[in-house]
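K.L.:
Line by line, the protein sequences give chains X and D. Letter 111 of the first sequence, counting from 1, is numbered 111 in my numbering, and no numbers are missing. Letter 7 of the second sequence, counting from 1, is numbered 7 in my numbering, and no numbers are missing.
Everything labelled a hint here was simulated from the structure, so no lab data went into it. Each residue gets a CB set at the ideal place from its N, CA and C atoms; glycine is no exception. Please note that the accuracy of each hint is not assured.
[Unchecked claim] Simulated coverage check for chain X against chain D, where a stretch passes if three residues somewhere in it have a Cβ under 8 Å from a Cβ of chain D:
1. 63-74
2. 95-103
3. 113-127
4. 183-195
[As the list claims (entries may be wrong)] Derived BS3-like pairs: lysine-lysine, alpha-carbon spacing no greater than 30 Å straight-line:
5. X:107 x X:84
6. X:125 x D:20
7. X:281 x D:18
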Amino acid sequence: MAKVLVVAELLEGKTRKTTLCAVTAAKQIAEGTGGSFDILSIGEGAGAAAAELTGYGAGKVLKADIPGGYVCEKYGPTVAEIGKGYDVIVACASAFGKDLLPWVAAKLDAGMASEIAAVHTDAGKPRYTRPMYAGNVSGNVEILTGKHVVTVRQSEFDAATESGGSSPVEDVAIATDPAADKVEFIGVEVMKSERPELTDADVVVSGGRALKSAENFTNVIEPLVDALGAAMGASRAACDAGYVSPELQVGQTGKVVAPKLYVAIGISGAIQHLAGMKGSKTIVAINKDKEAPIAQVADYFLVADLFDAVPALTEEVKKL
Amino acid sequence: MKILVSIKRVADPDNASKLKVSSDGTAVTSEGLEWKMNPFDDWSLEAALRLTENAAEKNARVGEVVLVSIGPNDEHTQRIIREGLAKGAERGILVEADDANLDSNVVSQILKAVVDKENPDLVVMGKQAADGDSNVAGTKLAARLGWPIINYAMKISTNDDGKTLEVKRELDTGVATVKVTGPAVITTSDRILQPESVKNGITPADHQYAKLEVGGRYASLKGIMQAKKKPIDQMSLGDLGIEAKVALKYTKFELPPARSGDTTFVESVEDLVDKLHNTAKVI
Numbered sequence: 001m002a003k004v005l006v007v008a009e010l011l012e013g014k015t016r017k018t019t020l021c022a023v024t025a026a027k028q029i030a031e032g033t034g035g036s037f038d039i040l041s042i043g044e045g046a047g048a049a050a051a052e053l054t055g056y057g058a059g060k061v062l063k064a065d066i067p068g069g070y071v072c073e074k075y076g077p078t079v080a081e082i083g084k085g086y087d088v089i090v091a092c093a094s095a096f097g098k099d100l101l102p103w104v105a106a107k108l109d110a111g112m113a114s115e116i117a118a119v120h121t122d123a124g125k126p127r128y129t130r131p132m133y134a135g136n137v138s139g140n141v142e143i144l145t146g147k148h149v150v151t152v153r154q155s156e157f158d159a160a161t162e163s164g165g166s167s168p169v170e171d172v173a174i175a176t177d178p179a180a181d182k183v184e185f186i187g188v189e190v191m192k193s194e195r196p197e198l199t200d201a202d203v204v205v206s207g208g209r210a211l212k213s214a215e216n217f218t219n220v221i222e223p224l225v226d227a228l229g230a231a232m233g234a235s236r237a238a239c240d241a242g243y244v245s246p247e248l249q250v251g252q253t254g255k256v257v258a259p260k261l262y263v264a265i266g267i268s269g270a271i272q273h274l275a276g277m278k279g280s281k282t283i284v285a286i287n288k289d290k291e292a293p294i295a296q297v298a299d300y301f302l303v304a305d306l307f308d309a310v311p312a313l314t315e316e317v318k319k320l
Numbered sequence: 001m002k003i004l005v006s007i008k009r010v011a012d013p014d015n016a017s018k019l020k021v022s023s024d025g026t027a028v029t030s031e032g033l034e035w036k037m038n039p040f041d042d043w044s045l046e047a048a049l050r051l052t053e054n055a056a057e058k059n060a061r062v063g064e065v066v067l068v069s070i071g072p073n074d075e076h077t078q079r080i081i082r083e084g085l086a087k088g089a090e091r092g093i094l095v096e097a098d099d100a101n102l103d104s105n106v107v108s109q110i111l112k113a114v115v116d117k118e119n120p121d122l123v124v125m126g127k128q129a130a131d132g133d134s135n136v137a138g139t140k141l142a143a144r145l146g147w148p149i150i151n152y153a154m155k156i157s158t159n160d161d162g163k164t165l166e167v168k169r170e171l172d173t174g175v176a177t178v179k180v181t182g183p184a185v186i187t188t189s190d191r192i193l194q195p196e197s198v199k200n201g202i203t204p205a206d207h208q209y210a211k212l213e214v215g216g217r218y219a220s221l222k223g224i225m226q227a228k229k230k231p232i233d234q235m236s237l238g239d240l241g242i243e244a245k246v247a248l249k250y251t252k253f254e255l256p257p258a259r260s261g262d263t264t265f266v267e268s269v270e271d272l273v274d275k276l277h278n279t280a281k282v283i
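So here's chain D without its partners, still in its complex pose (with noise of 0.2 Å):
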């Protein structure tokens, strides 16, 4: 099974609070904020990672595992995608693109070259980038492609390789399954990290993962030395046959309104219930 996972590079998520805004409002600056992987990113690629390798046999690989980033072509988003290889994928491919000429409308258009390009059996992504929050390239992806969207996994199973996929979505309301015919779209749900999340009909069945509590794994030692040796392929837009052209202009940005007030500690079971009845009336 092939798969192609689509890497960001986001400002680091865990401290958006720090970021700021140009003084004329047309930028976010995310000056000493380090460029991570986008956290949702992280998590496709380990269940990408699982589905294609025997998690019994020291996760020996049994697929390909495909990245692909746009942005600059910078040390960033260089190192990201060497730490997705040094997490087990097989090769990088970097699209180089301005940020500014990028939305999700450029980016399903740039995705669906290169899955022409690569012919994969399945597209596994973040539903969202934690920078834009948008959670529209994945499907906008599938809606190209004439392939089926599955978003917000939770649970992905296949016993031939991927041609077919029973999948668990996660949705407002519970929980819907669905058996896919590929190639498909995935996005994942934070669930996808959990011990029993994937089987992919190599791994045993009654395999189970570590526990993960933040994003996918870690690199090895080893994986890390590999990840120096694995090519990553460089092309541009034009390579590509793609002239971007956004669907969107920001035209302003802002800092939202800190929340007003300080916090008030309370002492007891008795002040809280005071405060909430008598001051600020919600109870």
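If we strip away everything but chain X, and leave its shape as in the complex, we get (with noise of 0.2 Å):
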């Protein structure tokens, strides 16, 4: 009979779809145990956020309207109280959820499973299933601790969809902390695109060191992205040497993707890189060299100059 609490995350005073990813464990974990849930909605605009997630079956949807920008501290008290009345807390595994979930487990003494897969009942009680190894073994994990905290991975889950009814929403008491008197917040540089986000695609397209240089991205693989309708990607050495911006890296450190197509160009598929995309259902390497890892995972392969390569892949993508 767990009582489980999801985190919203909220950017510029909307839900992200991150949290509906949370929902579906959390339904799950409610389910399982014959529990329910409830949504707390916490940052600037929560009260807005909250009326978007009315409908989603949460028993209530709670809300902390906390100004400024996100720091740390400024949550997780609030958090960590609320938290206190339930027996799991859920977010996604997003850079929100990955650093707010930890403090508010230790302020709860609590065990924290991050990124979990899965969601299975033992004996009434949730029990997880979370990557390791960047990806390369996956483990059984049981807290033992009687509050669970856990973070979801977002490729693992659906998005929840509204089944209808309509939540009670309540004001719930900010809590707060000295070390938040430590942290000013001094702005924060959204990046904005019109394409879908790399989490959330259907199609992804992603490009490596070998593109050489920010020029080839818009050049090169950004009229492809387009093509498709995909959202663009990229391995560590590409963010590192500053053709795209760093939220852009896909694998173990980077965001974590799972579309129906995974395009990679000019990426030889380091296993680090492999950690974030391998779960993807099709996945295409454009390479010149053959015996590059990505073939470990590669269902189709084209061995070709990507810069011959990709403009004659988009012409011939147009066509369809």
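Starting from the two chains in their separate frames, assemble the complex, guided by the hints.
P.N.:
Here it is, written out as structure tokens:
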């Protein structure tokens, strides 16, 4: 009979889709244990975001409007205070969830399982499966503390859909912590794109070091990305070299994606990159080197110079 | 400025695909794999060294970096500490513990005890260990200390020897800038290895570090020689007054299923489009 709390993630006053993946996990935990779930909308504009979340079957939607930019120590105390009344606290394993939930877990003396890929129930208690070792081992884990804190891997849980009904919205008191006074939020540069979000796209086209420049990403990769209606990704090497901005990185230390189609262009396929994309349904590699490790996971491999092949591929895709 | 950097020995992450699971599924075996310094810790060590040196004066040390590693007191853990000392850290601490009794919960308790003993101005640590991939210990440590946590730092700058720091941190959706008053816990992102990622107010602001492609700096021959003489304090959990009580229990490990099917090598762009459109039906 687990009581589950979902911590919603807001971006500019709107619910991020990451929240709905956490809702799916929460529903699974609640259903598996005969329990229920609530949602906490927290941050600037929490009221409007709470209103977006009333149709997903939550017992109630709590809101904590905290003005200003996100700082772990500003949000954490309220989540921990509310969390005292729950058995399981869930958020998406986005940069937000991975930053906030360990703090909450520490304050509540709770064990935490990160980036879970599946939920099970064993004797009425939730258990979790999580990828480890850059996705090369999968571990079934039991949280030994009475209270559980988990973050869920977005690519492993479909976004919840509205199920009708209207959960009541309640205000909650804001708690504080002295550590928050030590952090001044200066600002955030939000990367805006008309393209689908990387973690949410049906098709992802990623480029690697072999692109050689930011201009080549613009001139060679982006036309294919747009012809396919895809999201653009990149290897760590391409992000480090400044060809594209860091939030496009796919891999163990970037985003984990599992689209229907993943196209890896000029990416050799280091184990850290494979960790972020090997769950994709169909994987295409375009690379000069047919021995490149990306071949271990590729369904289709075109051995070619990307500078010839990618523009030609873009033209062919446009004809479809 | 005194910085504590935690370093963990992990089974060679570049060969993680060679890991095996014991026949009863209760253990991951890394037989045949070399123990390496967790790459994320190596990056954090690089940041800590940059914060405590004058790079324009042959990396002259102007602060102190203390390494702490938690694990079996064996040649591998000691070698990894020596490796960090050879890169420039001043001293090492080895807290002896069985891997089976460690999780992020226990690690954060141990690190808190070490911080209480050492009183550093900053803890700079890897955001995750390349084996457990948990991404929890740094934030739990900060919460236990009552210090702020700054995760995923890509740029760190200070003009007052670390009393206040301006940090750019990577988010899913962009980059946030925060000003933090120490002491604090900082974890680093991949971009911390960039030539201009760290400004400590001592190394000239226009200094460009060499471009690092994979990990932190290499040790110099002189550094390797000096490291042999640097102290490594050894202590037990009992010495720190810690009773290790894990919060997680792994009941079973499995190797994920291999991707089904072989790689089809296609001859041309037209062939590829045909396969994706008519066979895989994904475009």
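K.L.:
Confirm or reject each hint.
P.N.:
Here's how the hints hold up against the structure:
1. 63-74: holds (count 5)
2. 95-103: It holds, with 6 qualifying residues against the three required.
3. 113-127: holds (count 4)
4. 183-195: holds (count 9)
5. X:107 x X:84: 10 Å, holds
6. X:125 x D:20: This hinted pair holds, its Cα atoms lying about 29 Å apart.
7. X:281 x D:18: 23 Å, holds
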